[in-house]
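Participant: Taken in sequence, the protein lines are chains H and V.
Using the working numbering, read the first sequence as starting at 325 and increasing by one per residue.
Using the working numbering, read the second sequence as starting at 325 and increasing by one per residue.
Check each hint, because a few of them may be wrong.
[Unchecked claim] Away from chain H, derived, C-beta distances all over 10 Å, residues of chain V:
(1) SER368
(2) GLU403
(3) ARG408
(4) GLN470
(5) LEU573
(6) ILE661
(7) ARG665
(8) ARG691
(9) GLN698
(10) VAL700
[To be verified] If you anchor each label on the Cβ, the simulated ranges turn out as follows:
(11) V:ALA374 to H:GLN505: 40 to 46 Å
(12) H:ASP434 to V:GLN682: 44 to 50 Å
(13) V:PRO621 to H:PRO580: 53 to 59 Å
Think of the hints as simulated: they come from the structure by calculation, not from any bench.
The beta carbon of each residue, even a glycine, is placed where N, CA and C say it ideally should be.
2 protein chains.
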Amino acid sequence: MNHFFWPVPNQNVKNINKHTALDLIRFTPGGISRAELAYRMNLSRAAMTAIVNDLLETDIIRETESRSGQSGRPPIILEINSSRGNVIGIDMGATHLSVALADFSARIIDEIEIPFDITQGPKPCLAQAEALLTELLEKNDMRLQQILAIGMGVPGPIASQEGMVIAPPIMPGWDGYPIRQDMEGKWKIPVSLNNDAELGVLGEWAYGAGRGEDHLAFIKVGSGIGAGLLLNGQIYQGATGSAGEIGHLTIDENGPLCDCGSTGCLEAVAGGKAIARQAREIIASGKRTLLSSMGPPEELTARDVASAARRGDLPSQQIILRAGSYLGIAIAGMVNIFNPRVVVIGGGVSQIGDLLLQPIRDTVSRRSLAGAAQAVKINTAILRRRSSIIGAIVQALSTALHQIADKKGGDVNT
Amino acid sequence: MNHFFWPVPNQNVKNINKHTALDLIRFTPGGISRAELAYRMNLSRAAMTAIVNDLLETDIIRETESRSGQSGRPPIILEINSSRGNVIGIDMGATHLSVALADFSARIIDEIEIPFDITQGPKPCLAQAEALLTELLEKNDMRLQQILAIGMGVPGPIASQEGMVIAPPIMPGWDGYPIRQDMEGKWKIPVSLNNDAELGVLGEWAYGAGRGEDHLAFIKVGSGIGAGLLLNGQIYQGATGSAGEIGHLTIDENGPLCDCGSTGCLEAVAGGKAIARQAREIIASGKRTLLSSMGPPEELTARDVASAARRGDLPSQQIILRAGSYLGIAIAGMVNIFNPRVVVIGGGVSQIGDLLLQPIRDTVSRRSLAGAAQAVKINTAILRRRSSIIGAIVQALSTALHQIADKKGGDVNT
DNA sequence: AATAATATGTTAAAGTTCTTGACAAAGTTT
DNA sequence: AAACTTTGTCAAGAACTTTAACATATTATT
Numbered sequence: 325m326n327h328f329f330w331p332v333p334n335q336n337v338k339n340i341n342k343h344t345a346l347d348l349i350r351f352t353p354g355g356i357s358r359a360e361l362a363y364r365m366n367l368s369r370a371a372m373t374a375i376v377n378d379l380l381e382t383d384i385i386r387e388t389e390s391r392s393g394q395s396g397r398p399p400i401i402l403e404i405n406s407s408r409g410n411v412i413g414i415d416m417g418a419t420h421l422s423v424a425l426a427d428f429s430a431r432i433i434d435e436i437e438i439p440f441d442i443t444q445g446p447k448p449c450l451a452q453a454e455a456l457l458t459e460l461l462e463k464n465d466m467r468l469q470q471i472l473a474i475g476m477g478v479p480g481p482i483a484s485q486e487g488m489v490i491a492p493p494i495m496p497g498w499d500g501y502p503i504r505q506d507m508e509g510k511w512k513i514p515v516s517l518n519n520d521a522e523l524g525v526l527g528e529w530a531y532g533a534g535r536g537e538d539h540l541a542f543i544k545v546g547s548g549i550g551a552g553l554l555l556n557g558q559i560y561q562g563a564t565g566s567a568g569e570i571g572h573l574t575i576d577e578n579g580p581l582c583d584c585g586s587t588g589c590l591e592a593v594a595g596g597k598a599i600a601r602q603a604r605e606i607i608a609s610g611k612r613t614l615l616s617s618m619g620p621p622e623e624l625t626a627r628d629v630a631s632a633a634r635r636g637d638l639p640s641q642q643i644i645l646r647a648g649s650y651l652g653i654a655i656a657g658m659v660n661i662f663n664p665r666v667v668v669i670g671g672g673v674s675q676i677g678d679l680l681l682q683p684i685r686d687t688v689s690r691r692s693l694a695g696a697a698q699a700v701k702i703n704t705a706i707l708r709r710r711s712s713i714i715g716a717i718v719q720a721l722s723t724a725l726h727q728i729a730d731k732k733g734g735d736v737n738t
Numbered sequence: 325m326n327h328f329f330w331p332v333p334n335q336n337v338k339n340i341n342k343h344t345a346l347d348l349i350r351f352t353p354g355g356i357s358r359a360e361l362a363y364r365m366n367l368s369r370a371a372m373t374a375i376v377n378d379l380l381e382t383d384i385i386r387e388t389e390s391r392s393g394q395s396g397r398p399p400i401i402l403e404i405n406s407s408r409g410n411v412i413g414i415d416m417g418a419t420h421l422s423v424a425l426a427d428f429s430a431r432i433i434d435e436i437e438i439p440f441d442i443t444q445g446p447k448p449c450l451a452q453a454e455a456l457l458t459e460l461l462e463k464n465d466m467r468l469q470q471i472l473a474i475g476m477g478v479p480g481p482i483a484s485q486e487g488m489v490i491a492p493p494i495m496p497g498w499d500g501y502p503i504r505q506d507m508e509g510k511w512k513i514p515v516s517l518n519n520d521a522e523l524g525v526l527g528e529w530a531y532g533a534g535r536g537e538d539h540l541a542f543i544k545v546g547s548g549i550g551a552g553l554l555l556n557g558q559i560y561q562g563a564t565g566s567a568g569e570i571g572h573l574t575i576d577e578n579g580p581l582c583d584c585g586s587t588g589c590l591e592a593v594a595g596g597k598a599i600a601r602q603a604r605e606i607i608a609s610g611k612r613t614l615l616s617s618m619g620p621p622e623e624l625t626a627r628d629v630a631s632a633a634r635r636g637d638l639p640s641q642q643i644i645l646r647a648g649s650y651l652g653i654a655i656a657g658m659v660n661i662f663n664p665r666v667v668v669i670g671g672g673v674s675q676i677g678d679l680l681l682q683p684i685r686d687t688v689s690r691r692s693l694a695g696a697a698q699a700v701k702i703n704t705a706i707l708r709r710r711s712s713i714i715g716a717i718v719q720a721l722s723t724a725l726h727q728i729a730d731k732k733g734g735d736v737n738t
């Protein structure tokens, strides 16, 4: 136990052990006993009793029936009291907007998703988010007052202190807009704003393919490409919050032009848009391919290419193979630099599955140093399209739970 | 103050604040007062008095005369008691071996360097290190018993727990050899073993070009190329200790063959060896160049190319420009991924100076995303060839100082 | 079935480390 | 000289831990 997930504020935090214990309870699958907590935190069982009693008083955790296994008195298992309250997670992508309602144990109760265009700028986009949130609450017969925190992800670099994005490559009009301030002002609920790939790594770390790993990378392959990093057990944001921006690594200097103005960016050769573009090129070239029979070329998506590839269409398979190889080059670089234990491939395009994963694995094992390549596992996101929004929920819960835990013996409501 | 440099062991560490205060005293240039310590650590002045008294008792810190500046009682400045003891730093490179004797404030008292060949394998190499250490002690009239800790750097990935290198690309015969155990057995002094680039970043963080930065990368450009990373204020080693191995990133797939078996590795196009090789090729091609007049082509080094370039030799300038551009590609990738505040270029080749630095800066600003590129400064190592060995000394001091601080009121000797 | 063994959880006393509030100390400003 | 400002110390009390003993609830053994 030399780190804990909850980001420690600098001031006025008594009882750090209480917060550490809370996080261990949250993130241990199946719950954890007082004795086990004491062991993991290097504290006495007596101290643990006091800490747990504190937490029980706030009603954010509860005791559950013991699983007897070994000899000796069976432990009393502690878990988060899932019905203690609710939080909201919002995942704002480039082309979709999702809002989810979750309970205190991070289980999604209901979720709404709509197509979306982030280039409209902050005001209309935030208004859409608000509308969707209202709809979701009404549908579930809830009021805003019952929501204890909101977590939100956006596809751009975040200045966490200020609660805004800075110099985002794909969010025109958002630079410097006070997103968090705006939302907290409207809703009077604590909002935590994060990068979507960072939330993805958090979600997969908490409940997905990288559960509990200390060195984890999450590659979000959607229309754009971004990475979230969890290093030494903590989310890594970099000096100015723009860590993990791998979408514009130069992969092939002589490659196609990218939206960012440069050429041969990873995003321009392996992103969802790039895959669709290559499909259109194939059709235009007149090659025999299933793709021609899948509707108007302008509306082709990476998903269509994937389904054609699965049905044996060679040109489609080649497109995906190439995208995977390019991704592999970038990931091999990250593996050499970071030496992660797990790399999780997420985002819409990742749902292609092994067809994409295999060339990534091949390229990485060929291009990474032996030590790092052997240590790393490359997997598809278990949470599928929900990695980021579950990360947003985890963030919201971090705020809500630790805020309640702080006021010892305080009012159980609000 | 949400992190501290001293790596916290998991067990039996009372008084974490004492160790934090000690590190603040160590790494604050010009020393620090009790009041300032209390402010930086969010503790009361009263608590600080107690902690400082503890440290004063062990004699590892001392009070020094106050600098009066503001109104009010002038503070009593605390600093490390430099004459409390000595430590040894060892820098084992691919082609050189250095041993340095330092006092408790990390100042080098004396240093010996010899040419060296790490491919001889562990036994002869460690014997040479021992001989050099003995020579250094004799020369300075000291005994091994007066040395309180040893820090050592080697050019390969480290398993810190085991004190050995694992799967090193350029240290044949060393894989799995129990280096630390061997040395501690021989010398009966605590030895800390680290990667040389990691020590470089530590040295430059403590006393060099990245002083006090929380997000720092150190690129060691010697005959090989490696990077050391300091993220969130802590050295980052990765899951298996092989983080920062950028020497074998593929930069140009159609480039020259690398020693590692792959093609177009960064090391093969921008390392010291690569620069020397290109110089020989130029001479062989018969082009007019100053390089032909600099002795036998087989003995040409990167340093010769640098000196020719500085004297205006165009082919030499082109070689360095190209190496810088290649380095820039790799560094641009790291900047996009890590978003560091400072990148320090160190190692022998970095001594070329602006001739190398300029193409790096140009390439990085062209190939990195706006936000990250603006945030980063790229500088040459202030500690020059000594970055790593000073890092080794810092590591040795971490061991020695915190070990003494742990035994409260214990014996002042040993 | 009774007893032993084992592990969990609780309690009270004692020990550490911190904060609070008062105050002494040592300078600068008025 | 008096007022102000900041540093450093002291003593009392608060917060959090450990220690050591014990109660509790199972399984294992006799």
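Participant: State for each hint whether it applies.
Facilitator: Against the structure, the hints come out as follows:
The beta carbon of SER368 (chain V) sits about 13 Å from the closest Cβ of chain H, which is more than 10 Å, so the claim that it is off the interface holds. The Cβ of GLU403 (chain V) sits about 25 Å from the closest Cβ of chain H, beyond the 10 Å cut-off, so the non-interface label holds. Annotated as non-interface, ARG408 (chain V) keeps its C-beta farther than 10 Å from every C-beta of chain H; the closest such distance is 28 Å. At roughly 32 Å from the closest C-beta of chain H, the C-beta of GLN470 (chain V) stays outside 10 Å, upholding its exclusion from the interface.
Some Cβ of chain H comes within 10 Å of the Cβ of LEU573 (chain V); the nearest lies about 5 Å off, and the non-interface call is violated. Look at ILE661 (chain V): its CB is around 6 Å from the nearest CB on chain H, not clear of 10 Å, so calling it non-interface is violated. The beta carbon of ARG665 (chain V) sits about 4 Å from the closest Cβ of chain H, which is not more than 10 Å, so the claim that it is off the interface is violated. At roughly 6 Å from the closest C-beta of chain H, the C-beta of ARG691 (chain V) falls inside 10 Å, breaking its exclusion from the interface.
Its closest Cβ contact with chain H, about 8 Å, brings GLN698 (chain V) to no more than 10 Å, contrary to its assignment away from the interface. For VAL700 (chain V), the condition that its CB be more than 10 Å from all CB atoms of chain H is violated, with the nearest at approximately 8 Å. ALA374 (chain V) and GLN505 (chain H) have their C-beta atoms about 42 Å apart, which keeps the hinted 40 to 46 Å range intact. A hinted range of 44 to 50 Å is violated for the C-beta pair ASP434 (chain H) and GLN682 (chain V), which are about 57 Å apart.
One distance hint, 53 to 59 Å for the beta-carbon pair PRO621 (chain V) and PRO580 (chain H), is violated here, with the actual separation near 42 Å.
The structure fails hints 5, 6, 7, 8, 9, 10, 12 and 13 (numbered hints given earlier, in ascending order).
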